[in-house]
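> Residue numbers (this note's numbering), protein chains in the order written: chain A, 1 to 79; chain B, 1 to 79.
Read the hints as simulated data drawn from the structure, not as lab findings. Watch out, some of these pointers could steer you wrong.
Treat identical chains as interchangeable: a pair holds within one or across any two.
Only pairs whose alpha carbons sit at most 25 Å apart, straight line, appear in this in silico BS3-like list of lysine-lysine [as the list claims (entries may be wrong)]:
#: 1; residue 1: Lys-10; residue 2: Lys-39
#: 2; residue 1: Lys-2; residue 2: Lys-46
#: 3; residue 1: Lys-2; residue 2: Lys-52
#: 4; residue 1: Lys-2; residue 2: Lys-22
2 protein chains.
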Amino acid sequence: MKVLIDVTLKEGIMDPQGNAVKDGLIKLGYDVNNVRIGKHIEIELKDLEINKAEKLVKEMCEKFLVNPVIETYTFRFEV
Amino acid sequence: MKVLIDVTLKEGIMDPQGNAVKDGLIKLGYDVNNVRIGKHIEIELKDLEINKAEKLVKEMCEKFLVNPVIETYTFRFEV
Chain A
1 MKVLIDVTLK
11 EGIMDPQGNA
21 VKDGLIKLGY
31 DVNNVRIGKH
41 IEIELKDLEI
51 NKAEKLVKEM
61 CEKFLVNPVI
71 ETYTFRFEV
Chain B
1 MKVLIDVTLK
11 EGIMDPQGNA
21 VKDGLIKLGY
31 DVNNVRIGKH
41 IEIELKDLEI
51 NKAEKLVKEM
61 CEKFLVNPVI
71 ETYTFRFEV
């Protein structure tokens, strides 16, 4: 099974990369209000029951993949 | 409306960052088969009909946000 994790900066945390992309889009003529850039992580796991897999993914995020001071995350499974 | 875009490296394109994260997870004792890392981009747009918004997002991806030689993308709306 595969898990797709999106890691985003918390609201209020500066995002210079997002601002640069916003400026680029505006210069190209696109009417965008805000851009935020985060990480998209795809992990192939061995097959597990969904509640065990959820627990495992949360643990990996909280121990290693996400900096909880400045980042937040969501995930979904693709079976 | 907000669009969430996931930009991933195409299959076959080397992903050293993904490999480093895979090694880190394995060292922590997690049984993962593969890890790929991409970008997660959130853009706030003014409200549009869904088909117009889809066309706009595809255009932004293909002109600016995605390198079509090595990357591919998916997107979804959050209204």
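> Next, verify each hint and record whether it holds.
Evaluation of the provided hints:
Both within a single protomer and between protomers do Lys-10 and Lys-39 lie at most 25 Å apart by alpha-carbon distance, with minima of 13 Å and 16 Å respectively. In the homo-oligomer, the alpha carbons of Lys-2 and Lys-46 lie at most 25 Å apart inside one protomer (8 Å), although the nearest pairing across protomers, at 33 Å, exceeds that limit. For the identical chains of this complex, Lys-2 and Lys-52 are intra-copy neighbours only, at 14 Å inside a copy versus 31 Å across copies, given an alpha-carbon limit of 25 Å. With identical chains, the CA atoms of Lys-2 and Lys-22 are at most 25 Å apart between copies only, with a shortest distance of 14 Å across copies and 31 Å within one.
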